[in-house]
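Construct all of the structure, not just a fragment, from the sequences and the given hints.
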Amino acid sequence: MPTVQTSLFGPLDYEPSQLISLAVPLPGLPDTKLLLPVSQSVLEPFVFFQSIDHPHLCLLAAPVRVVKRDYQVGISGEERELLRLTPGVEPGAGQETGVFAFVNAAGDGGASANLLAPLVIHFGENLALQSIQSLDETFLRYPVPVCVSGGGSC
Amino acid sequence: MLITRRREGEAVLIDGQIEVRVLEIGQGRVKLGISAPGSMTVERKELELVTKENQAALETMRSDFARSLLRNAKRED
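Residue numbers (the numbering used here), protein chains in the order written: chain A, 1 to 154; chain B, 155 to 231.
There may be inaccurate statements among the hints.
Straight line, CA to CA, 16 Å or less: simulated EDC-like cross-link-like pairs of lysine to aspartate or glutamate [to be verified]: (1) B:Lys-185 to B:Glu-197; (2) B:Lys-185 to B:Asp-218; (3) B:Lys-199 to A:Asp-136; (4) B:Lys-185 to B:Glu-173; (5) B:Lys-185 to B:Glu-164; (6) B:Lys-206 to A:Glu-137; (7) A:Lys-68 to A:Asp-136; (8) B:Lys-199 to A:Glu-137; (9) A:Lys-33 to A:Asp-53.
No wet-lab data here; the hints were simulated from the structure.
Below is the structure:
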């Protein structure tokens, strides 16, 4: 089993079949090509996406519907091809795909999720891309509900 | 901010070297054609916003929020 050295978790063992390959580089992080999802029950609903290419690079994400229950992702025909999604398979519906929003909790204003550009994953092909949606800029830093980010009840 | 009304096929010229032409007007969307010198980067504004947000999101790992999550994870180990 291969191991990756990470700044956050130390050495991490993984199965190559767990790796998610980016069909298009993430904007601003062009050298990152492979991500390892790191999830644990205690972290739910959050998932860490650890870069295999860069030990120090790790992004926190949450499923989009946890952040906004009625969120709908729309992908173009080109994105569908890049993800090798068969016609009729809608991202976020079913087990074959996942849609995650990267979380930004670096500021003082609490945690926010990037619903403007969610990470769409086709688990069947281990492919992902960040799909920029036709939404207004408020979706870039959409507040993560307090009950999700560690307090209160929803 | 310059505010101007343009019809399909019409254009505006910026600094004599960047042309923004309205190619198609649809329901709630317009298709623009932009001609600019090769030395200039032309991209959708959202791409720049997402680029900055991704870089900002990396800083989350240094936040109390992420540290607290990781502490919980280690406790479970």
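Evaluation of the provided hints:
1. B:Lys-185 to B:Glu-197: With a Cα-Cα distance of about 14 Å, the restraint between B:Lys-185 and B:Glu-197 holds, given a limit of 16 Å.
2. B:Lys-185 to B:Asp-218: 44 Å, violated
3. B:Lys-199 to A:Asp-136: Within the cut-off at roughly 11 Å; holds.
4. B:Lys-185 to B:Glu-173: 14 Å, holds
5. B:Lys-185 to B:Glu-164: Distance of about 12 Å is within 16 Å: holds.
6. B:Lys-206 to A:Glu-137: 13 Å, holds
7. A:Lys-68 to A:Asp-136: Satisfied, since the Cα-Cα distance of roughly 15 Å is no more than 16 Å.
8. B:Lys-199 to A:Glu-137: 10 Å, holds
9. A:Lys-33 to A:Asp-53: 7 Å, holds
Checked against the numbered hints given earlier, this structure breaks only hint 2.
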